[in-house]
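Trainee: The listed protein sequences derive, respectively, from chains L and U.
Every letter in the first sequence is one number past the one before it in numbering that gives the first Met the number 0, and letter 164, counting from 1, is 163.
Every letter in the second sequence is one number past the one before it in numbering that gives the first Met the number 0, and letter 7, counting from 1, is 6.
For the record, the hints were derived by calculation from the structure and aren't laboratory data.
Possibly wrong hints are sitting among the right ones.
[As the list claims (entries may be wrong)] Below are the DSS-like pairs computed for lysine-lysine, each with C-alpha atoms no more than 27 Å apart in a straight line:
| hint | chain 1 | residue 1 | chain 2 | residue 2 |
| --- | --- | --- | --- | --- |
| 1 | L | Lys39 | U | Lys51 |
| 2 | U | Lys12 | L | Lys53 |
| 3 | L | Lys105 | U | Lys73 |
| 4 | L | Lys105 | U | Lys5 |
| 5 | U | Lys73 | L | Lys100 |
| 6 | L | Lys53 | U | Lys46 |
| 7 | L | Lys100 | U | Lys12 |
| 8 | L | Lys53 | U | Lys13 |
| 9 | U | Lys73 | U | Lys51 |
| 10 | L | Lys39 | U | Lys103 |
| 11 | L | Lys105 | U | Lys13 |
| 12 | U | Lys15 | L | Lys100 |
| 13 | L | Lys105 | U | Lys12 |
| 14 | U | Lys46 | U | Lys5 |
| 15 | U | Lys92 | L | Lys39 |
Please read all numbers here as calculations on a predicted model, not as lab measurements.
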Amino acid sequence: MTRSIIKISSQDHKVAKLASIAIALSLIEFFLPSPIPGVKPGIANIIILFTIIKFGFSTALWVSLIRVFVVSIIVGTFLGPTFFLSLTGSIFSLLFLFLFKGINGKYFSVISLSLIAAFSHIIGQFLIVRFWIIPHDGIFYLLPVFLISALIFGLVNGIITSTLLNNK
Amino acid sequence: MKKLMKIILQFIKKIKIGDLLTIFIFIVLTGYLASILWNFPQGEYLKIQMGKQVIGSFSLNQNVIKIIEGPIGKTEVIIDSGKVRISKSPCTKKYCLHQGWINKLNQTIVCVPNQISISIIGARTDYDSLNY
């Protein structure tokens, strides 16, 4: 038998630490009751935004995808519709964060990024729901409810991330 | 209380000028989408049925009281320029009365004991149910 040795870099440790925090936050959120089904604060996004500013996009990509897979395995929705919703939302968020991460600077702060992430998350999920899970236009009646929640939670998460970044 | 205000102020100070622009854009986007998506179509006619028999279609742009003779008595329907309700019914539970005014396309009031059903229809009829 040969022993394979995987070299673990400090980058891996960083990703693991950040991902574990994101997973913990997601799990806390999972057990919190929500007044409207599907409306969630998305507090794990704080970690993703923090990572994207502090350590760059590729680290954030790893953290985000690890979070989606591990949380779905723990909660038991792996490969179910909820998992794909979560995955699509994350991929859309990351895509738009990648496109807009440059605006963070003198005039725009991480709050803008947070709002962009929250909105693209909702839009991505609605697209997959419309074309795969519930192929009927009726679901778009729900869209404004989710957009309003994205606005509120995007703002709150953005302010929290901004506070976190300033404290460090 | 003063401390709380101070904390909130501290949070608000973190918002930069560009963020206000972003917030504004997203509020406008949300409002615009809400105005498009929550614009339910209005109907044009009221269709009155007794059992399977269609009694008739009446324009909503009028103020009239229709009295329909059902199996257990008279049901009174009020059309009041765009909105409709059942005002008198011989049934015991009066669910049809409690439903109040209807004015949107495909809304329906049914009085089961008297076999009367009224629904708002337009030029084009939509599906009454979809199954997936």
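Trainee: Does each hint fit the structure? Answer for all of them.
Mentor: Hint check results:
1. Restraint check for Lys39 of chain L and Lys51 of chain U: not satisfied, since their Cα atoms lie roughly 47 Å apart, outside the 27 Å limit.
2. For the suggested pair Lys12 of chain U and Lys53 of chain L, the alpha carbons sit about 21 Å apart, so the restraint of at most 27 Å is met.
3. Pair hint Lys105 of chain L plus Lys73 of chain U does not hold up; C-alpha atoms about 73 Å apart against a cutoff of 27 Å.
4. The suggested pairing of Lys105 of chain L with Lys5 of chain U holds, with an alpha-carbon distance near 24 Å, which does not exceed 27 Å.
5. As the CA atoms of Lys73 of chain U and Lys100 of chain L are separated by approximately 69 Å, the hinted pair breaks the 27 Å bound.
6. Between the alpha carbons of Lys53 of chain L and Lys46 of chain U the distance comes to roughly 64 Å, so the proposed pair goes past 27 Å and is violated.
7. Restraint check: the Cα-Cα separation between Lys100 of chain L and Lys12 of chain U comes to about 21 Å, which is no more than 27 Å; the hinted pair holds.
8. Of the supplied pair hints, the one linking Lys53 of chain L and Lys13 of chain U holds, its CA atoms being roughly 18 Å apart against a limit of 27 Å.
9. Taking the CA atoms of Lys73 of chain U and Lys51 of chain U, the gap is near 18 Å; set against the 27 Å cutoff, the hint holds.
10. Under the criterion of a C-alpha separation no larger than 27 Å, the hint pairing Lys39 of chain L with Lys103 of chain U is inconsistent with the structure, at around 32 Å.
11. Restraint check for Lys105 of chain L and Lys13 of chain U: satisfied, since their Cα atoms lie roughly 12 Å apart, inside the 27 Å limit.
12. Of the pairs offered as hints, the one joining Lys15 of chain U and Lys100 of chain L holds, with about 16 Å between alpha carbons and a cut-off of 27 Å not exceeded.
13. Restraint check for Lys105 of chain L and Lys12 of chain U: satisfied, since their Cα atoms lie roughly 14 Å apart, inside the 27 Å limit.
14. With a CA separation close to 61 Å, the supplied pair Lys46 of chain U and Lys5 of chain U exceeds the 27 Å bound.
15. A distance of roughly 41 Å separates the Cα atoms of Lys92 of chain U and Lys39 of chain L; the hinted pair therefore is violated under the 27 Å criterion.
Of the numbered hints stated above, those contradicted by the structure are hints 1, 3, 5, 6, 10, 14, 15, listed in ascending order.
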